[in-house]
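Between the sequences and the hints, there should be enough to build the whole structure, so can you do that?
Protein chains: 2
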Amino acid sequence: LFAPTLLAIYYGEDKALFAFGLTIFIAMIVGSILTKAEPEDKKIYGREGFVIVALAWISMSFFGAMPFFFSGAIEGPVNCFFETVSGFTTTGASILTEIEGLPKSILFWRSFTHWIGGMGILVFMLAIMPTVDERSMHLMRAEAPGPLVGKLVPKVKSTAKLLYEMYIILTLLEIFLLILGGMPVFDSLVNTFSTAGTGGFAIKNASIAAYENPYFEYVITVFMFLFSVNFNLYYFLLVKDVKNIFKNEELRYFIAIIIGAIGIITLNILSLYPTFESAFRHAAFQVLAIISTTGFATANFDVWPELSKTLLVILMIVGACGGSTGGGLKVSRLILLLKMAGLEIRRIVHPRSVNIIKLDGHKVDEETIRGVGGFIIVYLFLTMGSFLLISLNNFDFTTSLTSVLSCLGNVGPGLARVGPIENYSLFSDFSKLVLCFNMLLGRLEIFPIIMLFAPAVWKRSYM
Amino acid sequence: LFAPTLLAIYYGEDKALFAFGLTIFIAMIVGSILTKAEPEDKKIYGREGFVIVALAWISMSFFGAMPFFFSGAIEGPVNCFFETVSGFTTTGASILTEIEGLPKSILFWRSFTHWIGGMGILVFMLAIMPTVDERSMHLMRAEAPGPLVGKLVPKVKSTAKLLYEMYIILTLLEIFLLILGGMPVFDSLVNTFSTAGTGGFAIKNASIAAYENPYFEYVITVFMFLFSVNFNLYYFLLVKDVKNIFKNEELRYFIAIIIGAIGIITLNILSLYPTFESAFRHAAFQVLAIISTTGFATANFDVWPELSKTLLVILMIVGACGGSTGGGLKVSRLILLLKMAGLEIRRIVHPRSVNIIKLDGHKVDEETIRGVGGFIIVYLFLTMGSFLLISLNNFDFTTSLTSVLSCLGNVGPGLARVGPIENYSLFSDFSKLVLCFNMLLGRLEIFPIIMLFAPAVWKRSYM
Ligand SMILES: [K+]
Ligand SMILES: [K+]
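Chains A and B, in that order, are what the protein sequence lines are.
Numbering-wise, the first sequence is residues 4 to 466 according to the working numbering.
Numbering-wise, the second sequence is residues 4 to 466 according to the working numbering.
It cannot be assumed that every hint is accurate.
Copies of the same chain are indistinguishable here, so a pair counts whether it falls within one copy or spans any two.
Below are the DSSO-like pairs computed for lysine-lysine, each with C-alpha atoms no more than 30 Å apart in a straight line [to be verified]:
# : residue 1 : residue 2
1 : 164       : 246
2 : 243       : 366
3 : 342       : 361
4 : 207       : 246
5 : 342       : 366
Rather than coming from a laboratory, the hints here were simulated on the basis of the structure.
Treat the numbers as computed from the prediction; the structure is a model and nothing was measured.
Shown next, in the form of structure tokens:
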């Protein structure tokens, strides 16, 4: 919060300055009360880890919303909360119709929530907090996206530090490359924060399309890719074990999906663009923007042919790699689901065939397989339920369904009324809260948020 | 085929008569060749059972399409095939824009395919063929819809006979009640065939709405319910064991879903209709028409509020009870999925909790649970893949998605361009074949059709 405060002073934005000051004051008071109320039982189990993570994200969103509310930049508490949840969950769905008129410090804070959220508030907190003990392990488990957390570095603290460093290096690199290409420094910072968190908040109404600069588009395309692969792979890069990187099945599938999707969409939209290069550039940018769940736009893909739109909606569901800042189902889960489907078909052809699923050459244990199966089922029920609640808004089928899929996948834009040149301002407050719930569910891999509603969690833990 | 031939003679429909005659002639020749080519190895395993069922349905559809083709009633071989697949799979999706002008014998045959398909061609064949031996067991397994085949009557033959008798009794009852209400005899027969198979082909362009008769609507609503519950339950009714009927969890969930959906939709559409009764009647009819996967229409639900439409689309996916003539995922599968989701959440709250799923008070074995999990995953991939292929047609998102869901669930109508007052004539031939594939997949519970594409099946069985 201090960075935007300084910015507010620098740009002389009085109202915003007041808002940031007030927020810091309130946060400090609540923070000091909470610190004193620290529970005596220092051990935190998986269950409590889930609950703490969920509560942390929700309360961060409340505090994070204050600058928007106090500065009057966004009208109405629900809108402020929506924008902040969208920020911290790195969804990038906005209720703002007019972005360019906002104070720079507010825009900075808005994109900065992506950067904080991107790495996960708690990995972030772990890395900067001096007192990290064994209880972090459980927090880590709830936080890490994707079904498989690579056990690369034994100590959580050093893992967190490593990921954090890698995150900062990539961030600095992108800022540098954007400035090099001539983007204003402020824009470079803000757009990089949004890319790094795979968030997608832009500071132009037309998103990245506003710059009309192919160089920026290619740079951002590459970084959307870099921020959506498993960060553990960068560890192999550091120890120069490149062979191990290409052994990674998730990465191979991810690259194959991206190349396939770019190919199909380029051919599908060829007639809409003057040159092959521009069709390819827009296809590549949009495929990466959606599969990385960043949600930036250089083209209004809502007017593309249906094949491309359907493909993008499917990529929205697929999402990025586990262990990245991206959202969605995660490619590793998709691979396991594909293998489970294949196994089921094999079992009918050869009833006595062996039931082993391998990933990266290692057998995946029953626990993980059951977990992925359970995840997809819960995901389906949540999608259906949310779709039903959102349809109370009486928007068309496409809008209702893609808004739910987009928020659950932390993507941002959907189709029709939530398309890339539209926003979420038209929804009712109730729908906005349902979508906030979806964004939190998606970001925390569903279960931590559901835990909050499990009576057993509250009964047995705090009695 | 003989019934429509007689009708053609009776109504003096020359062209249709020629078509039926030619079809019977061809079918007889091919039939006699196939009988002589009977394989020497009489034992049929599960795998071969699947393949036989799949091939039987596809070849039935080819022969069944001949009357449409030879009579010139439907233009183009793909359209004829589509209409017949839609008939035998009891989907009821039509490519006809103008139904009322067709010869009566052709209309009769069209709805009669529903009646044949409804009970399953092979249960049908089992019941009328005199030589039934132990190999029927495997055929039965591939045929029976839903994950759980109740082991009520030990002998397959007598089960088949019982189901068949029950089917005929209900059919006669509905015909009787419709005639009693003043519906023309021909219409009563044809509409009953479509209800019994939960098919949905109507002989009026406006479906059941054309009669503007609430009595007919209520009668058909009730029979859509009766044909979409597990037929094994009628066995309990015959032996007067009513207690066992209400113990059936699937039935209880099914009734609860129906009541809930009718309640919500009635309130949601109340302002569109003059009286509460008419809103209730249309809601009840449409809920039953969709969840039973019959697909009849008394109202153009495509213009209903979004909440009702979303709910109907979800019911389309849910489908009827296992062991009925209805399609969809089946309520019993849905219950197991719900319980699996619940279990997964419980396992996170209490990591050491017991992992038992019960249905009707009995533990469901691991095999079945894994089967249901595998089924839903394969179902999802097929939906996504088909959606992508259908979007090549460049129809809007809603049309593409609901046409796939409707055909996979053997429902018939979807939303937008495949809404209840629309039809499937606008799709390209390629899309129609993809949808035929979906209808067959849905009707045969996916796996028998997939078996046809498994190289291992062909290599090892027939070498
Ligand atoms: K995003
Ligand atoms: K149907």
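Comparing the hints with the structure gives:
Taking the shortest alpha-carbon separations for residue 164 and residue 246, only the intra-copy value of 24 Å comes in at or below 30 Å, while the best inter-copy value is 64 Å. In the homo-oligomer, the alpha carbons of residue 243 and residue 366 lie at most 30 Å apart inside one protomer (26 Å), although the nearest pairing across protomers, at 52 Å, exceeds that limit. Proximity of residue 342 to residue 361 under the C-alpha cut-off of 30 Å is found in both arrangements, the shortest distances being 8 Å within a copy and 27 Å between copies. In this homomeric assembly, residue 207 and residue 246 never come within 30 Å of each other (Cα to Cα): the closest approach is 41 Å inside a single copy and 67 Å across copies.
In this assembly of identical chains, residue 342 and residue 366 lie within 30 Å of each other by CA distance both inside one copy and across copies; the values are 12 Å within and 27 Å between.
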